[in-house]
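*Asks:* These protein sequences, in sequence, are chains B and C.
Everything in the first sequence is counted per the working numbering, starting at 131 for the first residue and increasing by one.
Everything in the second sequence is counted per the working numbering, starting at 716 for the first residue and increasing by one.
To be clear, the hints were calculated from the coordinates, so they are not data collected in a lab.
Each hint should be verified, as a subset may be incorrect.
[As the list claims (entries may be wrong)] Partial pick of chain C residues on the chain B-facing surface, computed with a CB cut under 10 Å: (1) A774; (2) S1012; (3) S1019.
[As the list claims (entries may be wrong)] Once the Cα atoms are required to be at most 25 Å apart in a straight line, the calculated BS3-like pairs of lysine-lysine come out as: (4) B/K393 x C/K1022; (5) C/K728 x B/K351; (6) B/K302 x C/K719.
[Stated by the list, open to error] Now the stretches of chain C that chain B is said to cover, found in silico as 3 or more residues with beta-carbon under 8 Å: (7) 726-740; (8) 796-803; (9) 842-856; (10) 916-927.
Here a beta-carbon is modelled for each residue, glycine too, at the ideal position from N, C-alpha and C.
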Amino acid sequence: MVIGSRPIAQAALSWHLLAKGMLKRLWVPTLEERYHRQVIRRRRQLIGDRVRTQNRIKAELRFYGIQIVEPRGPWPPTRFEVIRDYVKDYTGVRAKIRVCGFFKGKTIQGELIMKNESGINVRDKVSADTSGATDNIYSKYFLIENLQYPEGVRLAVNFTIDYDAQLNRRLKKEPAMELTQGEFGGRVGIWRLMELFDKYDIKLTLFTPGRICELYPESIKQAIERGHEVANHMWEHRVPSDFELEKDHLRKATEAINSLCGKKPVGTRSGHKLSLLKKEGYIYTSSIVADDIPYYIVDDEGQNCMLNLPVYYVLDDAMYFHFGWFGSGNAGQRLADPGKVYDIWFSAFRQFYKMERYMNIVLHPFVSGHSLRIAMLERLIVEMKHMPGVWFPTCEELARYCIDRFPHPAEVK
Amino acid sequence: MPWKHGYTITDEKSMDDEEVKWPEKQQCAVSIVVDYSVQSGPDGIGPEDVKKDMAEFGARVGIWRLFGLFEKYSLRATFAVPAIMAELYPDNVRAMIKRGHEVAAHGYRHEDVSRLDIEEEKKRLDATTQILEEACAKRPMGWFSLPRQQDRYPGGQLSLNTVDLLIDAGYEYMGNGMADDIPHYWVTDFHSQRNILTLPYYYHFNDLFFLMFPSPGMGSGLENPMTLFQNWRQEFDATYRKGRQFTMIVHPYLIGWGNRLEILENMILHMKGFPAVWNPTGSECARYWKAKYPASSYLKLKESIWKDYPGSIS
């Protein structure tokens, strides 16, 4: 019998069901099954490409002996969809479905077990050919299985600054008054943030668009003098779709920071292609979150991999405080007060500390530079510094550590 | 600052906390701005807007609650009054003057001026100045451009010409700018260093975005007075320690009702508990700042080092 191909499944199953009577219990997943369903769902979210999704799900499902054949219905069905189809198709009929199976070479053989009303297991053989499944399903992300920090360190916390100032406002063609909001970042915010973190001896990583070197050079020079890291954040806060222009923007941004700071940036927070980044000498990127500790991303061609320091919007100040974040409309705004954000960030810190993972907090000078948020950040830093074993490296420091000790297999010399 | 037209309006770095000094050794400055407009669309206040229930509440009840509070605690506020409101409520405007508050201009109808061309905008600006001069027996010193509740952007709208027109019309200060949290000079032309003093504004201290926001019918959980209060209190506490300026913006038709009066009074009591807090009106603050930190010595503009490239935004 074939799941995924509904008409046949329907026909075949219905015979069993009708023959054995009405089933009434709903499938209750075990904890493990629930977790794995979550894993499947989560991985689906991560991958945009339909084909890759299909391959991934095939790989996951094969652990459970659910057959992988080309269905006639909509594809890809998640495991939940498969079961839901059953529940939907057989209105009034609920099935407890447990699937077990084994993988034999390229063929899956498994069984679909359903308990009917009388509690009798109804078994159906399932089988499929998986020769369509690809081998490099996990090629996009390479998670570091057993990341160990240096002796005595439980948690690494990167404080990163997205030094956008008014560039993003200008990019979105926002009116003049909105640009003054960004200007606050260069004029006031960045200085306050540097002063705050210097007070507690924490080195920042400033992800700086190339144009900021022309607008606020004093602040960048000061940042270098005080020992903070300056990294790349595109040229004017966008990645052009044209390949030559993208290369040009990356080169200009790298050169701008190099000439102002005396050394080339090695990190980026952008969507630039990994191949271009590697050519310009970048060793890490910092954006998406397929894991909550540093991991490697591999690009589509499979040729280039780079360490990624994950960042999630929960730890991004603009998400809470910026009116119209990501161009969102008036009616969508829910401006927060610093206390709410402190609670969330400190809770994240407690959790990551317990789990010995990693934290990357994103601050925008035009947002966090306001006095009330500097005060909140100070409270947060004091609490963080209380705990033993918390390490505050720059992103470069942490990236070099991970790349040295936990390299991607392709990069091992 | 490496000035760049279209990106920057003032110099590269703000003043340090130690450099900022208020008169008579006061520790920090607190400005209260009362936006005496009513809810409207981007075209400004029209007859339907004024006839609404909350508008009536603001003009008949809310404003008097505010007057009462300010009198009780000896506070002075700057009332940003659109010309049309001055015409409709002359008694209220006279009361503002009599009680020692300042009346500043807030547009002709509190409209979004970015939609107007230069002639129309100039005409309305002159009309506003004239109307307010008649209503107050002296011309307004300051011009505000605060947002409406349903605006896309929370800073208030300006056209490309607004600041130039204000300088030409002889206004002493621009009431709201977000580039700093102390008064700063808004420069329109680098070579002539044409500028107008701008008072600080930040939308997190504007009750518009926390009380019944966005608007009845547009979601649930619209009332967030505690968020507003926390923002006010925490900013004031931090600003007091730094010795800078804190600006709060209120609307009579919002803050004058029920629970909001409690948080306003609590905020005032909190501020009153601190010694050496200066409470200027907009023009007092502007006059002091221009005398103490004139643009000729304190505005440090530097030639632009920006280069235009093909494929980059200029």
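*Asks:* Confirm or reject each hint.
*Replies:* Evaluation of the provided hints:
no.	hint	verdict
1	A774	violated, 25 Å
2	S1012	violated, 18 Å
3	S1019	holds, 8 Å
4	B/K393 x C/K1022	holds, 21 Å
5	C/K728 x B/K351	holds, 13 Å
6	B/K302 x C/K719	holds, 17 Å
7	726-740	holds (count 4)
8	796-803	violated (count 0)
9	842-856	violated (count 0)
10	916-927	holds (count 5)
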